[in-house]
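J.: Each chain is listed here by its residues.
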Amino acid sequence: MVVEQVSVFVENKPGRLSKVTRILGEAGINIRALSIAELGEFGVIRLVVDRPHEAKAVLSNSGFTVGINRVLAIEMGDEPGSLARIASALGDAGVNIDYAYAFIARAREKAVLIARVDDVKRAEEVLSSEGIRLLSAEELEDL
Amino acid sequence: MYWDREVETIKQEELEKLQLRRLKAMLSYCYKNSPFYRKRFKDAGLHPLDVCRLSDVRKLPFTTKEDLRNRYPFGMLAVDREEVVRIHASSGTTGKPTVVAYTGRDVDTWAELMARVLTCAGVTKRDTIQLIYNYAFFTGGLGFHYGAERIGAAVIPAGVGNSERQLLTMRDLKVTAFSSTPSYALYLAEFAREQGIDVREFSLRTGIFGAEPWSEEMRRRIEEAYGIKAYDNYGLSELCGPGVAVECEAREGLHVWSDHFLLEVIDPESGEVLEPGEKGELVFTTLTREAMPLLRYRSRDISMVIDDSCECGRTHPRIARLMGRSDDMLIIRGVNVFPSQVEHVLLQFPEVAEHYQIVVDRRRSMDLLTVKVEVTEKIFRGEPEELLKLKKRLESRLRSVLGVKAEVTFVEPGTIPRSRGKAQRVVDLRNW
Chain A
1 MVVEQVSVFV ENKPGRLSKV TRILGEAGIN IRALSIAELG EFGVIRLVVD
51 RPHEAKAVLS NSGFTVGINR VLAIEMGDEP GSLARIASAL GDAGVNIDYA
101 YAFIARAREK AVLIARVDDV KRAEEVLSSE GIRLLSAEEL EDL
Chain B
1001 MYWDREVETI KQEELEKLQL RRLKAMLSYC YKNSPFYRKR FKDAGLHPLD
1051 VCRLSDVRKL PFTTKEDLRN RYPFGMLAVD REEVVRIHAS SGTTGKPTVV
1101 AYTGRDVDTW AELMARVLTC AGVTKRDTIQ LIYNYAFFTG GLGFHYGAER
1151 IGAAVIPAGV GNSERQLLTM RDLKVTAFSS TPSYALYLAE FAREQGIDVR
1201 EFSLRTGIFG AEPWSEEMRR RIEEAYGIKA YDNYGLSELC GPGVAVECEA
1251 REGLHVWSDH FLLEVIDPES GEVLEPGEKG ELVFTTLTRE AMPLLRYRSR
1301 DISMVIDDSC ECGRTHPRIA RLMGRSDDML IIRGVNVFPS QVEHVLLQFP
1351 EVAEHYQIVV DRRRSMDLLT VKVEVTEKIF RGEPEELLKL KKRLESRLRS
1401 VLGVKAEVTF VEPGTIPRSR GKAQRVVDLR NW
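First to last, the protein sequences are chains A and B.
Just so we're aligned, residue 1 is where the first sequence starts under my numbering, counting upward by one.
Just so we're aligned, residue 1001 is where the second sequence starts under my numbering, counting upward by one.
The following block holds chain A by itself, in its conformation from the complex (with noise of 0.2 angstroms):
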């Protein structure tokens, strides 16, 4: 189980991640997480959003490259060793994580980890023998 997450190019200069914001705000879509990759002169914005084509739309008509990947949305508890205990599961299971954020929920009283694995079907698997939940994109939505 995988959801999307909106991805930005942009410059490394100061007010991009303003324009960015602003322009979904404008839209109305709401963000749930958000996370900068600095590459020197450039950067990307990697987002997790209620309506991520939508989001994708809206910053692709003002101009922006944008592109959409799949990541795993990884259910924690708000509670000290949780994101040990994944990442742990990953790690002895040979699945490595390219790059995680994460952010809490408050309607759920949970923490959620987004994370880009380079094997998804082997971290799924892991995951789920730990009990550890995955959430939809549908999941994700109701936040």
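All clues given are correct.
EDC-like cross-link-like pairs, simulated, lysine to aspartate or glutamate; straight-line CA separation at most 16 angstroms: (1) Lys1372/B to Glu1395/B; (2) Lys1125/B to Glu1112/B; (3) Lys1392/B to Glu41/A; (4) Lys19/A to Glu1412/B; (5) Lys1372/B to Glu11/A; (6) Lys1279/B to Glu1264/B; (7) Lys1011/B to Asp1259/B; (8) Lys1011/B to Glu1311/B; (9) Lys13/A to Glu1412/B; (10) Lys1229/B to Glu1249/B; (11) Lys1389/B to Glu1351/B; (12) Lys1372/B to Glu41/A; (13) Lys110/A to Glu75/A; (14) Lys1017/B to Glu1006/B.
For the record, the hints were derived by calculation from the structure and aren't laboratory data.
With chain A fixed as given, assemble chain B onto it according to the hints.
T.: Frame of chain A, contents of chain B only:
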């Protein structure tokens, strides 16, 4: 297909005889009518009669753009002001504008040369040709205009800008040929794509492009985008404008109309005359111009003579496609780099958009060459790794072609200035 078979296929010896006769007449004319050249002759201890053979032209000093600027506006005239019927001014991209004057006969000769140019590109009286050139001051618009009218084609003086209307005109008027800068042709094709218009469905079949150097890859893209044959032409406003040289149907070099322009290729550093096949600066002596004759004028354009006869039957010598301008040439850490080389590399990567910019800067007395590339969905689908990989491939290719390190940086789409006339491809931020 020739416009003027007799002159275009003239025998080599006949051409040289004609050139020598015209050269001698031109030198006497300059000596008599141009205060500038009379002084030049005297300062060099020369007399027109010292020129007995074509190669004696080498005895004459060069004329440079600087000479034209210093004598702005009319210091190069060899006729009375009242003989002048047309005045153009160069775009002044590299400084003060230079003024070019024409007599009635100069305009007539120019139209004749442009008729040859257009015929080389397959244009006939049955064609409708859209001229997407600036008509204001610039020689491109009226040069093509007069040539196309002389052929008897239907001419649409479209001018530049308003891409929507350009496309509408092309489609509704069933335009069969058009002429513009190559970068505008690409821009227009891209614009059409964005509007969901398929220009391949138009009636277009041929196009003539020039006023800036362009590569084979760019030609391929234009031909593919429009479904036409694309021809290169060359000229410079100081000599008349377009109409100095053009590709024939063989498209292996551009024939220089040598009954009107005597061509030499020189080493831009030493001024020494080079052999065919050697790359250098093109130098022209006008053989028939009345209002503003130029002797050994340094074009600052880089090319070379192709030493071979052409299958089209024209005997006028050919030059290779322009490789850049000697003043476009960037010296990066002592290495000569032409922007056209960068373009050549980028166009080998079809996923990279047409729009790029070369930025030269200097940090701690070290020249830095940066190539800015716009990021589109063709190269970015969400993960930065693809960009980093592309950056590496581009940089390694640039390094091997240019012989100097270049850094590739990615910028947001639409941030590099679009060309509507001459492309501003190079930004040099160095303080000398």
